[in-house]
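Note that the protein sequences, when read in sequence, are chains A and B. Here the first sequence is numbered in the working numbering, starting from 1 and rising by one per residue. Here the second sequence is numbered in the working numbering, starting from 460 and rising by one per residue.
FYI, nobody ran anything at the bench for these hints, they're computed from the structure. The reader is advised that the hints may include incorrect statements.
Stated by the list, open to error - In silico DSSO-like cross-links for lysine-lysine, where the CA-CA straight-line distance does not exceed 30 Å: (1) K499/B x K746/B; (2) K803/B x K344/A; (3) K64/A x K826/B; (4) K826/B x K369/A; (5) K456/A x K536/B; (6) K456/A x K746/B; (7) K105/A x K257/A; (8) K428/A x K454/A.
Protein chains: 2
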Amino acid sequence: MGSYYMGEEIVVIGCGASGGTAAQFARKTDREANVTIFEKSEYSQYSKCALPYLISGKIDDPKKLVEFSEDWFSRAKINLFLSSEVTEIKNKRVYVKRGKRIIEKEYDKLIIATGAKSAIPPIKNIFDKEGGLKKGIFTLRTIDDALGILNYIKNKKNVVIVGGGLIGLEAAEAFYNKKLNVTVVEMLPNILPSMLDGDMSREVYNQLKGYINIFTDHLVTEIEGEERIKSVKIKNKNTREEFDIPADVLIVSTGIKPDVYLAKSIGCKIGERGGIIINKRCETNVKDVYAVGDCTEGKDFVTNKSFVVGLGSIGVRQGIVAGINAAGGDIELFDGFLQTRTTKLFDIEIAAVGPISDNLDNIISGKFKGLTHPEYYPEGSQIIIKVLCNVRDKRIVGAQAVGKNVAQRINTMACAMLHKMSVDDFIKLETAYAPPIAPTIDPLAAACEVVNMKLKRRS
Amino acid sequence: MGSYYMGEEIVVIGCGASGGTAAQFARKTDREANVTIFEKSEYSQYSKCALPYLISGKIDDPKKLVEFSEDWFSRAKINLFLSSEVTEIKNKRVYVKRGKRIIEKEYDKLIIATGAKSAIPPIKNIFDKEGGLKKGIFTLRTIDDALGILNYIKNKKNVVIVGGGLIGLEAAEAFYNKKLNVTVVEMLPNILPSMLDGDMSREVYNQLKGYINIFTDHLVTEIEGEERIKSVKIKNKNTREEFDIPADVLIVSTGIKPDVYLAKSIGCKIGERGGIIINKRCETNVKDVYAVGDCTEGKDFVTNKSFVVGLGSIGVRQGIVAGINAAGGDIELFDGFLQTRTTKLFDIEIAAVGPISDNLDNIISGKFKGLTHPEYYPEGSQIIIKVLCNVRDKRIVGAQAVGKNVAQRINTMACAMLHKMSVDDFIKLETAYAPPIAPTIDPLAAACEVVNMKLKRRS
Chain A
1 MGSYYMGEEI
11 VVIGCGASGG
21 TAAQFARKTD
31 REANVTIFEK
41 SEYSQYSKCA
51 LPYLISGKID
61 DPKKLVEFSE
71 DWFSRAKINL
81 FLSSEVTEIK
91 NKRVYVKRGK
101 RIIEKEYDKL
111 IIATGAKSAI
121 PPIKNIFDKE
131 GGLKKGIFTL
141 RTIDDALGIL
151 NYIKNKKNVV
161 IVGGGLIGLE
171 AAEAFYNKKL
181 NVTVVEMLPN
191 ILPSMLDGDM
201 SREVYNQLKG
211 YINIFTDHLV
221 TEIEGEERIK
231 SVKIKNKNTR
241 EEFDIPADVL
251 IVSTGIKPDV
261 YLAKSIGCKI
271 GERGGIIINK
281 RCETNVKDVY
291 AVGDCTEGKD
301 FVTNKSFVVG
311 LGSIGVRQGI
321 VAGINAAGGD
331 IELFDGFLQT
341 RTTKLFDIEI
351 AAVGPISDNL
361 DNIISGKFKG
371 LTHPEYYPEG
381 SQIIIKVLCN
391 VRDKRIVGAQ
401 AVGKNVAQRI
411 NTMACAMLHK
421 MSVDDFIKLE
431 TAYAPPIAPT
441 IDPLAAACEV
451 VNMKLKRRS
Chain B
460 MGSYYMGEEI
470 VVIGCGASGG
480 TAAQFARKTD
490 REANVTIFEK
500 SEYSQYSKCA
510 LPYLISGKID
520 DPKKLVEFSE
530 DWFSRAKINL
540 FLSSEVTEIK
550 NKRVYVKRGK
560 RIIEKEYDKL
570 IIATGAKSAI
580 PPIKNIFDKE
590 GGLKKGIFTL
600 RTIDDALGIL
610 NYIKNKKNVV
620 IVGGGLIGLE
630 AAEAFYNKKL
640 NVTVVEMLPN
650 ILPSMLDGDM
660 SREVYNQLKG
670 YINIFTDHLV
680 TEIEGEERIK
690 SVKIKNKNTR
700 EEFDIPADVL
710 IVSTGIKPDV
720 YLAKSIGCKI
730 GERGGIIINK
740 RCETNVKDVY
750 AVGDCTEGKD
760 FVTNKSFVVG
770 LGSIGVRQGI
780 VAGINAAGGD
790 IELFDGFLQT
800 RTTKLFDIEI
810 AAVGPISDNL
820 DNIISGKFKG
830 LTHPEYYPEG
840 SQIIIKVLCN
850 VRDKRIVGAQ
860 AVGKNVAQRI
870 NTMACAMLHK
880 MSVDDFIKLE
890 TAYAPPIAPT
900 IDPLAAACEV
910 VNMKLKRRS
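Full structure from sequences and hints, please.
Have a look at this one:
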């Protein structure tokens, strides 16, 4: 394979959001570099997070999910090879399976963005005889998954979703919109368990239960049906009681498993969570090898604990940093990730940043339940904000919110957390005020003030 | 007048947003203190910013504007005296005119929150023989002003608004909703001149001109009509050309003049802008005397230049700080004000923080015009973000935005500015991402990236 430039050879494995972004920023940083992406699927960089909306029909054509097309990469002078699976890395070369051929390419810098696979929970009879998922059982990580689901659910009635996290609930809404009867089964006591505290989760639960069936503290233990799934056995974790519910379709969304096969093969260190370990420059322990996205582990900004990166927002920022550094720039990620995240379920906006209370010590929280607008203004809608802060220095260490426009509010909290702001300082931050927009003391600050009032009552 | 508590006597002059807030926070800080407010009008703490919505009819009852009622203050154990004008301060006592009586009250700490009056521009024949505004000419700062306007505009047709700032344009929308023919006359080349750069202002102008007439670079030079206003003479500042337009009603909204009579009388230092000078604890130069709100001056966080405080968001934060300190607490404002501000005009949300470009040196700006949502998601709407940053250290020194949900985005920028974040760091901030909410790279970060691209092109 020839090089279009005489500059450095930068090779990216995987054209998901993080890999594609890395290539983009490498190109911007060094116009002389030769930037090449190998992507094993046939799709150019597309939005995985949008797959539920492809199922619901909100997005009517899978082509629309492609955020950066082959053409785009070509115009950006990035060599993108689709349907090209890197099978081996050796002596600073990648070996790529394209159809029946194996081609090879040298690199100066390598960026691994191999992503992750869906984790499959231990459910009896979930696999067929060939070791694949039984007919009617799906994961939801690729366009092909979504198209397979869309094709299968025609004339089906009941769908069971294993896992009440972000993807599980977004899928639940999609199936509801497709007029299926939807049941979500969550092992933990609350839905969105890694995002919301129990009390905040229940606020969401109370609104969702009008649309879908939700079993928390329940496990799917067994699949029934020979040829294809017919029903599932569900077990109450507390009472140990078991019962069957009909299921024409089962969606597994219980987390991800980083795809680290290639990284491991060249000696990249793998962390306790199974992801590639990288530093703030997105370098692995192997010289000239970077890693980004769902195949990596991150450290939480507040707790410093490891987690598997499963958020596009993080993957993209890793991509920026790895791309710039691989191309000779010098940029570092912050000291850990804030894990800002959001979703919209049945028109309810939900957002959070930082760990939930259960993962924190010595915290005090403030919760504000009120209106987005001044009380006298007729267009206010309900908003609930919970702020978590360290009891000693009053530093904000987390925030969760449910209601209109909460995602942008959580961004402000993310910025505050990054700068280790205290609730006292946050109250002094001038937020935008106008009657048709927000009150003088925004709900964010009101939640901070609740923390102060609680502390005063204690003293 | 007896004291309800044996604690310190804290007296607040004025029950606007800043005075009322100061009293509230003094009460919270010291439960033993005796907190007293004297308010010259008959109204308890109400929202001045909501007056345009009282005119439009969006808010149908002036009572609704009251945010904290007499009852509320009474429950909070704050002594609120309405229709009580402080006329003199001497020997740590205030003298208060209540009807025909003068009462006096000692204080340990005094908080001056006397507010401001509307500035009246030099327009020929604007006053009547008694020295008041001619019939049909109004300012818009009090409930009484708004009620007077509402009463006067019945069966009127043409309204002219002098001043194309926030209040002027909010009033313009209100009159439009009341089916009047509205003309706004702005002396400067752009509307919202202290909030937006020319290019951003024009984006708003282009949308507003479908509803109202706007003359920029024009002055109202003369009022015509004997008994009452009939028409106004308008002058083009560039061509010097003059012409008449019919005006049944004229609204003056060309800024404010701090009311510092009492403060001056006890020796409080007054600044170059005519407001009371206070430090970060909201103390004046006179011992035990604090000042807050529209009667004070602030320093801009970025330029360090003085400005007259005319924003509720600032007044309220000064109130918090003065109240806490007057009651024995210890809290400081930040080093200057960010001047976060927002409005909604004809459903267009506009927000900004920091100075406009004209007031800054050595800056480079990045402008992003795109969608609030990922491009593939059908519900995105147009958003324009402009970020101003220092060309040397890339620190963000201002941001302006027009479009859906921009106020909350500007809050994030305000938090970033407070912490002197650079555009490079802002791009790394994890913002909330989900297809129905926002793209992975939020428009805010996209505008920051435009700055980087411009700098790269220069180098």
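Hints that the structure is at odds with (numbers, increasing): 4
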